[in-house]
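Peer 1: Residue numbers (our numbering), protein chains in the order written: chain A, 34 to 475; chain B, 378 to 1087.
Just so you know, the hints here were simulated from the structure itself, not pulled from any lab data.
Glycine residues also receive a C-beta, built at the ideal position from the N, C-alpha and C atoms.
Treat the hints with care, as some may be off.
[To be verified] Restraint-style ranges between C-beta atoms, simulated for each label pair:
1) 245/A - 971/B: 28 to 38 Å
2) 416/A - 785/B: 31 to 41 Å
3) 416/A - 420/B: 49 to 59 Å
4) 419/A - 506/B: 43 to 53 Å
[To be verified] If you want the ones that stay clear, here's a sample from chain A, every Cβ over 12 Å from chain B, calculated:
5) 197
6) 223
7) 241
8) 276
9) 336
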Amino acid sequence: MIDIPTITHRKCDGVSRREYLRIGSLGLFGLNLPHLLRAGQKKETSCILLWLSGGLSQMDSFDPKPDAPAEVRGEFKTIPTTTPGIHFVEHLPRLARMTSKFTLVRSMTHNQGSHGLADQLVNTGYPPSPSGAGVRYPSQGSIVSWKTGYRNGVPPYVFIGDVQGPSFARKRDALNAGVLGAEHNPLEIGDKANDPGFSVKDVTLAKEVDLERLNNRRHMLSMLDTWQRNVDAKAERVAEVDAYYEKAYALVTSPVAKKAFDLGGEPDKLRDAYGRTMFGQSCLMARRLVEAGVRYVTVGMPGWDTHRDNFNDLKDKLLPVLDMAYSALLTDLADRGMMDSTMVICIGEFGRTPKINSEAGRDHWPATQAFGIGGGGIKTGLVIGETNQRSEYPTERPVSVQDLCATTLQALGIPLVEEYRTPENRPITVVKGGEPIAELLA
Amino acid sequence: MLLIWIVLAAAVASAEEAPGFRNGVIPALTKLGCNSGACHGSQFGKGGFKLSLLGFDVDADYEAIAKDLKGRRLNLDDLTQSLILRKPSLSIPHGGGRRFAADSPTYNLLLSWIAAGAPPPTLQDPLLAAVEASPGSTVMQTNGKLQMKVVARFNDGSTRDVTALSRMEVLNDSVAEVSGDGLVTAKSGGAGAVLARYMGKTAVVNLLVPYAKATSFPEFTPNNYIDELVAAKWKQLGLRPAKLSTDTQFLRRVHLDLIGVLPKEQEIREFAADPSKDKRARLIDRLLERPEYADFWTIRWGDLLRVTRAGMGDKAMWNFQRWLRRNLEQNRPVDRMTHEVLLGRGQPNNQEVSAFFRMSRTPEDAAETVSVTFMGLRIGCAKCHQHPFEKWGQSDYYGLAAFFARIDSKPDSDYGANTLRIRPTGFVRHPKTMQVVQPSVPDGGSYDYDGDPRVKLADWLTSKDNPWLARNFVNRFWGYSMGRGLIEPLDDIRDTNPPSIPDLLDALVRDFRDHGFDQKHLLRRIFSSRVYQLDSEPPPGGPRDSTFYAYYSPRRLTAEQLLEAIAVATNVPDKFGGLPKGTRAMELPDPEVPSYFLDTFGRSKRQVPCECSRSDESNITQALHLINGDYLQEKLSSPAGRIATLLPLVPPPQIVSNLYYATLSRAPSDAELQKAMNFVNARESEVSRKKVLEDLMWVLLNSREFIFNH
């Protein structure tokens, strides 16, 4: 490492401030494109959702209970954070040093203890019907997509990761647009961001086909494909395909979008800072996408469903990866001046049982859950809510899923009284039964 | 002081009719959600107070309320000081917030029970026998209101109105909503149901809300009983059916739905030229005898039984796949196939079907897989607790698991494969009571553990009067053919998920059974119906959803159908790693054969026993793969492809016609031919003509008319 000239300026995460500044001023594509794109527009807020799929153990991360009995406390030591009186577990050292960059909410509570159903609840703000019939509520990302649409070929809503594990069909529904129509599902770009030479498939034009030829084909298609073109009540599935084709053309013909997908443009040191992990590189990708104009990026990280061997999995596989990527993302956003317009939320579908089970694991516990939030108009550096000594229930400032949804929608500039319609034309408000968390909104 | 006295007097006055602990207190707490999984019903209770989940263990709940915490939850001297009243009414802090007000009916019910001395549940308490909801089914108009009534029937013959004590839930919340006390409001057209739950038993009120006022109904000549029953439902709902599909439309559709491939140009011309009246019926008969029939349905069955080499081993997977194909080719009755699969034993390399149990290696897994696969029953919830809205409990679950307790599947040192043997001993125990659970079937009897217990299950499931097997397969085959099951999801059959057209399901089940579980007979019946043969354009003014089959719901070609259709249309076959040249997409044995195309278009991974493993949804990556990327372009421009082969031999107008037949399964209209030729004639050189024909084929392959089965 002796050949790094800026070593004296290295910060805690191994990347120098000068390095950040250089990247920041060059911008994504040699130009500062986001500002070009947004010139003359009101500054819009974007959201990066770090989704800890399976459910983060609140006691073994942001809400440790060192004074609880052994069967609750767990084996991790705690460390002080830069917020007086607040401790994290020892495996989150970087985040402990940057509590000024996010707000910690420790008192989220809901009542849905099943994977899939809880994913749907937290992402949509509505309790899903257990039978699977009934209204298919859209995710928050899809609501943003519905209000924004594609611009310059840039998709409004992107999912990075892979949906897996129990109830994966519902987990996928939790990401999707439901009644808003599949055109508002996220663009899924997979979980291979850490592979060398990763690219988003089929975004580059085929050999022998230049843009002119593609446009020509498209023109011919519009002349010849007349089936059900003028049917007033087109079948839903057919309408969806139309919408996807429009978006696919926009994506293929947009230089902005394609460049955003290329992590090769990032310096190695910054890539190292995020961690050379699937999740780390996906977080970096999320930042690039937001710069290019994406309004909502969900980054999925699997593995948090620690029914067995909770402590080894957390300390070896999960917490270090999260600590590195989340802290690097917050640092990067701050260094680029993107914090004011980018909200970052780090949350899973529920918390985990205070009592450790017979397999050294923790089970599902929706009654308490801790999450991080901040940026994009959401205040940082605060700690909201408290749980009891065994982290069984909130003792102060309980926060509901609906409160969280109201907060994020408000920050994203979507009026809470906005209504969408079901196929039967029934109006549904984007959020129901929640109040924005006043302490969080500037 | 005075106030307390008055409340007390009121409570004492009603003590005589106080319904007691079992039938009053517990239902009240259940209704309020106190014993739900998220509150005191959770595994460890909450705040040191644990109730049984949804009140299934009344004695334990009495202990918890009256005895634990030294009885402080009740205060028989100063009744209103009882914690069980003060906490939920928030006169002192309560983590669960306020559940009732201090003078609410629930509060008074609890108070009167305490005032009566908090009597425990007794063996003399009447036991709940059934719950009935009225009206059982009804037709409502949009915005109409209806007060439903829930009655509990006890084993001593008594009944009680428990509407106020039941939990209500709407099963299709776009059709109606329901208040906590059972007032139903219809919201918009369709079919829905309200589920009332009272102490582990449920009752359903079925709702029909007409889309429109019934007007004149168009002429509709039924082909068979399916048409009569569906048309009756349309009339109730104010729906009008679409017109009949054209012959060309029908030909393409029935090819895809029955054998998975597109018709050839010759077949299209012959069918169009055939003047006979029964040509559709004869076509269905012919297709059922085609070899592609077995290929196509082997994929469906492979999804259902989860044939994969990852789970079964390479050779066993191939054996299983060949067994399936042979059975389908011979049209072996579905009950016989089921029977054989359930009793598979021996070496899966020789005895094909024993590999089925390689995918479910514990008795519990086998119980869940077998019940969902052959009965459409999702019983997984009952592994740990009573199913939250069904009657199934742990004894049902472990009773089913017990049939598989003696399966022994150890690796064979010689082959590295597994031989399935049946051990002479082996039991399943109830995880709470630790008692041995006898093998038992849902809603049926229990059996002894002798020999191979699976024989009893297989015999029961395939007996003539078994309600499960036929209903499961009928609903699946109807769903595969019509795009939507009478019960949705296809594999979630339960009392609280009623079918959209109940008498049609019953009639199909009878038909299937009466014809010896004959898959081809069932398919012939469905495909011959006029309902199947309707046009795919929704009738004007009707709803877009096709819940009631008023039009043929267009569906995207499945992953395998689409890949093969493109290969045939371009005349450039796909190559699949490790398989002989010429293997078609429809012949792939399992999802372990790598294919980006098939993964992107949603083939089943066969990892979980669920219809949801296959996706027919569209997404942007599919669109990208078809409009862009090298996959399609290489096929279009291949020197051995359709265009390169035709170009030197045939004049351009005939090539255009040829491309239309190869993709859209029809001739181009005059206008289409004219437009296409305008594009072609705009180019002069041979090279650019080839290119423009490639472009035309790209257009056809990317048109919705091609991508959809309609």
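Peer 1: Can the suggested window of 31 to 41 Å be confirmed for the beta-carbon pair residue 416/A and residue 785/B?
Peer 2: Once the Cβ atoms are compared, 56 Å apart, the range 31 to 41 Å for residue 785/B and residue 416/A is violated.
Peer 1: Would you check whether the claim that residue 276/A is not at the interface survives, using Cβ distances to chain B and the 12 Å cut-off?
Peer 2: Incorrect as stated: the minimum Cβ-Cβ distance to chain B is 9 Å, not above 12 Å.
Peer 1: Lying within 28 to 38 Å: is that true of the beta-carbon distance residue 245/A to residue 971/B?
Peer 2: The hinted range 28 to 38 Å holds for residue 245/A and residue 971/B, with Cβ atoms some 34 Å apart.
Peer 1: Starting from the range 43 to 53 Å, see whether the pair residue 419/A and residue 506/B falls in it by beta-carbon distance.
Peer 2: The hint (43 to 53 Å, Cβ to Cβ) holds, given that residue 419/A and residue 506/B are roughly 48 Å apart.
Peer 1: Residue 336/A: least C-beta distance to chain B exceeds 12 Å?
Peer 2: holds, 17 Å
Peer 1: Does residue 223/A sit more than 12 Å from chain B, CB to CB?
Peer 2: Check fails; 9 Å does not lie beyond 12 Å.
Peer 1: For the pair residue 416/A and residue 420/B, does the Cβ-Cβ distance stay inside 49 to 59 Å?
Peer 2: violated, 29 Å
Peer 1: With 12 Å as the threshold, tell me whether residue 241/A passes as away from chain B on beta-carbon distances.
Peer 2: violated, 6 Å
Peer 1: Would the non-interface assignment of residue 197/A survive a Cβ cutoff of 12 Å against chain B?
Peer 2: Since the minimum Cβ distance to chain B is about 9 Å, residue 197/A lies within 12 Å and the statement is violated.
Violation of the numbered hints given earlier is confined to hints 2, 3, 5, 6, 7 and 8; the remaining hints are satisfied by the structure.
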